[in-house]
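Peer 1: The chain contents come next:
Protein chains: 2
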Amino acid sequence: MPIYKAPVEDVQFLLNDVFQIDRYDNLPGFSDASADVREAILGEAAKLSEEVLQPLNRVGDLEGCIRHDDGSVTTPKGFREAYRQVAEGGWLGLSAPTEYGGQGLPMTLSQSVTEFLSSANMAFSMYGGLTMGATAALLVHGSAEQKSTYVPKMVAGEWTGTMNLTEPQCGTDLGLIRTKAVKQGDGSYKISGTKIFISAGEHDLASNIIHLVLARIEGAPSGIKGISLFVVPKFLVNADGSLGQRNGVSCGSIEHKMGIHGNSTCVMNYDGATGWLVGGENKGMQAMFVMMNEARLGVGVQGLAQSEVAYQNAAAYARDRLQGRALSGPQEKDKPADPIIVHPDVRRTLLTIRAFNEAARAMVVWTSLKSDVAHRSSDPKDREAADDHMGLMTPVLKGYLTETGFANAVQAQQMYGGHGYIAEQGMEQFVRDARIAMIYEGANGIQALDLVGRKLPRDGGRAVMAFFGEVGSFAREHGGDEAMKPFVAPLSTALGHLQQATTWLMQNAMMKPDNAGAAATDYMHLFGLVTLGYMWAKMAKVAQDKIAGGGATAYLSTKLVTGRFFMERVLPATSTHLARIQSGSATIMELAADAF
Amino acid sequence: MPIYKAPVEDVQFLLNDVFQIDRYDNLPGFSDASADVREAILGEAAKLSEEVLQPLNRVGDLEGCIRHDDGSVTTPKGFREAYRQVAEGGWLGLSAPTEYGGQGLPMTLSQSVTEFLSSANMAFSMYGGLTMGATAALLVHGSAEQKSTYVPKMVAGEWTGTMNLTEPQCGTDLGLIRTKAVKQGDGSYKISGTKIFISAGEHDLASNIIHLVLARIEGAPSGIKGISLFVVPKFLVNADGSLGQRNGVSCGSIEHKMGIHGNSTCVMNYDGATGWLVGGENKGMQAMFVMMNEARLGVGVQGLAQSEVAYQNAAAYARDRLQGRALSGPQEKDKPADPIIVHPDVRRTLLTIRAFNEAARAMVVWTSLKSDVAHRSSDPKDREAADDHMGLMTPVLKGYLTETGFANAVQAQQMYGGHGYIAEQGMEQFVRDARIAMIYEGANGIQALDLVGRKLPRDGGRAVMAFFGEVGSFAREHGGDEAMKPFVAPLSTALGHLQQATTWLMQNAMMKPDNAGAAATDYMHLFGLVTLGYMWAKMAKVAQDKIAGGGATAYLSTKLVTGRFFMERVLPATSTHLARIQSGSATIMELAADAF
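Chains A and B supply the protein sequences, listed in that same order.
Note that the first sequence ends on residue 1657 in the working numbering; no numbers are left out.
Note that the second sequence ends on residue 1657 in the working numbering; no numbers are left out.
Keep in mind that the hints were calculated from the coordinates and are not lab data.
It cannot be assumed that every hint is accurate.
Since the list can't tell identical chains apart, any single copy or any two copies may satisfy a pair.
As the list claims (entries may be wrong) - With a straight-line cut-off of 25 Å between C-alpha atoms, the simulated BS3-like cross-links for lysine-lysine are: (1) K1251 - K1286; (2) K1394 - K1241; (3) K1573 - K1396; (4) K1286 - K1394; (5) K1208 - K1396; (6) K1396 - K1241; (7) K1442 - K1108; (8) K1286 - K1241; (9) K1394 - K1573; (10) K1344 - K1108; (11) K1251 - K1546; (12) K1066 - K1396; (13) K1396 - K1286; (14) K1241 - K1208; (15) K1546 - K1607; (16) K1066 - K1108; (17) K1208 - K1138.
Isolated chain A, as found in the complex (with noise of 0.2 Å):
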């Protein structure tokens, strides 16, 4: 049986220490987020994903979702119970606006509660965070009224939420959607077509299930200009708030899939369903990139998550199994065998899983900060630069923690020996879920892309140069600092790497964009790289100076050690990274299709 314990105490660390969200007081919610009131907190969520969410994971696993011939769909045993517990605890609208009924606390503390509840139970998470991607999306282009009848109930965890984007002859070319909306005489619209891979599409958790859609209104322009957004609850929503009739949407199956089982994966058939449009007609496409935005960063987050349950019961699976000596000479001569925790390449393993994820932490603080930042300053040039790094930030973070946190679900499996391919050990499970982080809400070389083509020459480079101009900073700043040097001069070296891959997009690639193409995922890989090395430096600085100041805990020196073991390891595959790219295009375009 699996174990997962919250990682609280780095959490603090990053809030108190790194970041020092304190220095934030003047930001709405801010103040309410006092250190003890974090405390509090974390502790809270730390005991639901322990002790409630992370026991269901497994059953969940091996239960499935099950579609009834009525198309009514059963979560697994004790889903119910535990959706109820997130509901009435308030989980869900944690950083929701007070005004219906959110606690409007930061993103920035309720993004590490998501990482413990999807550490516990990827696919249970997966009913709230979808939830909470479709208030957002309501909150930002809903009607008041859309706002006033949905999202309170939303974020009470009474009703839940889905995006309905995926067709099946469209996955990221949403221009060729043909679910199709018909305007009535009441200002309402007639939605008929079907859409797959609904993550939770349909459910027993709650009375009503509010679906965001996107279709073509009747006469719209083709493509991805004739799009528009439509809100379809399940059951239409009557004057005074109680539930109406059903509305013709159902579930036609469930998908059988690699990993999430607990989640129903719906095809959803919308045959004449009632909806209202959300924002403009044809401008569906940016109302959904806000609950795609949001969607992103969560799922960057269900990378980190897999990566650190698996990493936790990995490490414990070391330290317990006996095999074989030391290559030193037996350790515990005692017992028959010494842990396999004595042998480096056991070792290397878990420490290259854990600088990922305490890095990777560190990067989800930081770019949910500058999310706050830019919902909540009154500063516009902040809320212009904090924007500025979300933009930059979110497909690094959707594609390179979700590359990473899969390869390394599958290597934590691998300290398991055949054991950690049977079923009961649970290490495989969180394999086949993590996988599907890697696809879902953009395909990772979609996210690539989208880091290289559209975010890297935005306002002229701006973004990207705000970030080099920072990174460069503390590595001049702290350049001269003995301690520092394990971690400055590594960091440096892979800044020049990314520098110089920049530099070599900016001259061969606006003319020829297939040498951007053939560049970006080791572009996004290079930038992830050079991000979490910046976080390793950052939160290196921090233990250091709080154990010059007579602060010195295990905590922090074993943060340092697992910090330079970043640097030695891990940083140096940026180079590989900068040659990749700099080979260009010629190659990969010479073949004819039929070659491959």
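Take the given structure of chain A and dock chain B to it, following the hints.
Peer 2: For chain B alone, coordinates are given in the frame of chain A:
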């Protein structure tokens, strides 16, 4: 429904042109494998794989194996009939000695057949694969009577074989084995204990199952020096070869595992079962190593095989799936979108997989040819050199090919977007099936340690020096050839990295074995990369010569592009592995076990 087409042309190119196996006509069995015979056999193997085995791959995954209350096991629908066809076609005895009913053909040929079968249906192919491994151990270490009793039936496919090593408390560390053997008056032994993870341990494909079992004879020395190997048939065999009474061995349960559901992975209970010693008392490990080396090559081939079939499907999907437009402008204006193969990132992914597959296949053929020389040559010098090569390459082939093969299956799945996560498409099965190859027959970390700790220093580094000599000579010989520069220059750089890493190990790991342990996995990857780079350079030379000789074909020009891709995009990773190796073990060993 996944597709599969056996890469016959590619195998022919390797056998006929690159390794010119007709030059080995002096070895027993090789003259029987003339070009015509090879073509016929590969053609028939392709047909069997494509038409019989591949259609059963998903059935096997869905149905799995079922254990009944009486301990009997039913394999998935269609497996019995398919196994009968494999047996009757003589496929299990392709390179087995003619005196035991085999065809005595080169292993070089039968390994290619193994790849086809494993691509088509990995779980199914294991029943035969394990039988061949058990046969090999009996042929080397069995008595004349044991050979004549068991081998002909196993070669004919009437009986199958298994390897019984693992117990709950011991996987890698076989010195911890508790299964005991008590000598009886008639020279037989009573075997008692529990073995786990026994592939093909019980099934309905054959009338008898010949278990090879590691156990400890009462009073034997503790640890690895007290392990003996026994042959324990499911049914005792009468003097006339007919089946006698049921032996005291039975399947206690079938493991629920991540993949290869079509193969029955059993807990086997030995309850005073009758067995006979194979080889000498307490010499079980030597006998088992014959089986394991055979099996490790086969497992490396599984890594390649899953990568190949995953590639074929991903390439077909990429040619077919319409989504978005080329970065350089629409390619197929009459269609609603371009096929995704227009995208550089899709091509990069496909070429990464393909460039591995073709070079890995070359490495398998090269190593199999050395195996044939080691077993069949009359010249002791040739045998020694070939055996050196085998010893050195076996861990690289097992570790690097399975790790990269798995990563490739994941990337091939990624090409499908959300559809890749859905079971019906079959892509996620390739990932789940391929995953086990990184684990069994010695987890890849153990392969890396075997390479660095045993194979590298053996005989004063004779094997690795021979390898460096061969690759270095090739580079010198063709360094002046302008057309070969895109291959020779990167190969020389990569070889330099491997030589630096080897020197570093010689200087730093002798006195401090943790430095070897910390370097092992990166060294194995570095070795694999250089080997595949050498394979590409050899293939490029042959392709260029054939083209220059007027034999240009589409196959050959695609080969050269794929090879250049490898040199530009894959091989540069050697520098990162070198940097990691040279960072040593100090940071890795610094933390106490409980800090993890």
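Peer 1: So, for every hint listed, does it hold in this structure?
Peer 2: How the hints compare with the structure:
1. In this assembly of identical chains, the alpha carbons of K1251 and K1286 lie at most 25 Å apart only when taken from the same copy (20 Å versus 78 Å across copies).
2. Taking identical chains as interchangeable, the C-alpha atoms of K1394 and K1241 lie at most 25 Å apart only when they sit on different chains, with a minimum of 24 Å there against 72 Å within one chain.
3. Proximity of K1573 and K1396 under a CA criterion of 25 Å is satisfied inter-copy only: 24 Å between copies versus 64 Å inside one chain copy.
4. For the identical chains of this complex, K1286 and K1394 are inter-copy neighbours only, at 18 Å across copies versus 71 Å inside a copy, given an alpha-carbon limit of 25 Å.
5. In the homo-oligomer, the alpha carbons of K1208 and K1396 never lie at most 25 Å apart, since the shortest distance is 64 Å inside one protomer and 40 Å across protomers.
6. For the identical chains of this complex, K1396 and K1241 are inter-copy neighbours only, at 21 Å across copies versus 69 Å inside a copy, given an alpha-carbon limit of 25 Å.
7. Within a single copy, K1442 and K1108 get their C-alpha atoms no closer than 39 Å, and across copies no closer than 68 Å, so neither meets the 25 Å cut-off.
8. In this homomeric assembly, K1286 and K1241 come within 25 Å of each other (Cα to Cα) only inside a single copy, at 14 Å, whereas the closest approach across copies is 74 Å.
9. When the C-alpha separation of K1394 and K1573 is checked against a cutoff of 25 Å, the pair qualifies only between copies, where the shortest distance is 20 Å, while the shortest distance within a copy is 64 Å.
10. In the homo-oligomer, the alpha carbons of K1344 and K1108 never lie at most 25 Å apart, since the shortest distance is 42 Å inside one protomer and 54 Å across protomers.
11. In the homo-oligomer, the alpha carbons of K1251 and K1546 never lie at most 25 Å apart, since the shortest distance is 64 Å inside one protomer and 64 Å across protomers.
12. With identical chains, the CA atoms of K1066 and K1396 are never at most 25 Å apart, being 28 Å at best within one copy and 52 Å at best between copies.
13. In this assembly of identical chains, the alpha carbons of K1396 and K1286 lie at most 25 Å apart only when taken from different copies (18 Å versus 69 Å within one copy).
14. In the homo-oligomer, the alpha carbons of K1241 and K1208 lie at most 25 Å apart inside one protomer (24 Å), although the nearest pairing across protomers, at 72 Å, exceeds that limit.
15. With identical chains, the CA atoms of K1546 and K1607 are at most 25 Å apart within one copy only, with a shortest distance of 17 Å there and 55 Å across copies.
16. Taking CA atoms no more than 25 Å apart as the test, K1066 paired with K1108 passes inside one copy only; the shortest distance there is 9 Å, against 53 Å between copies.
17. Taking identical chains as interchangeable, the C-alpha atoms of K1208 and K1138 are never at most 25 Å apart, the minima being 32 Å within one chain and 55 Å between chains.
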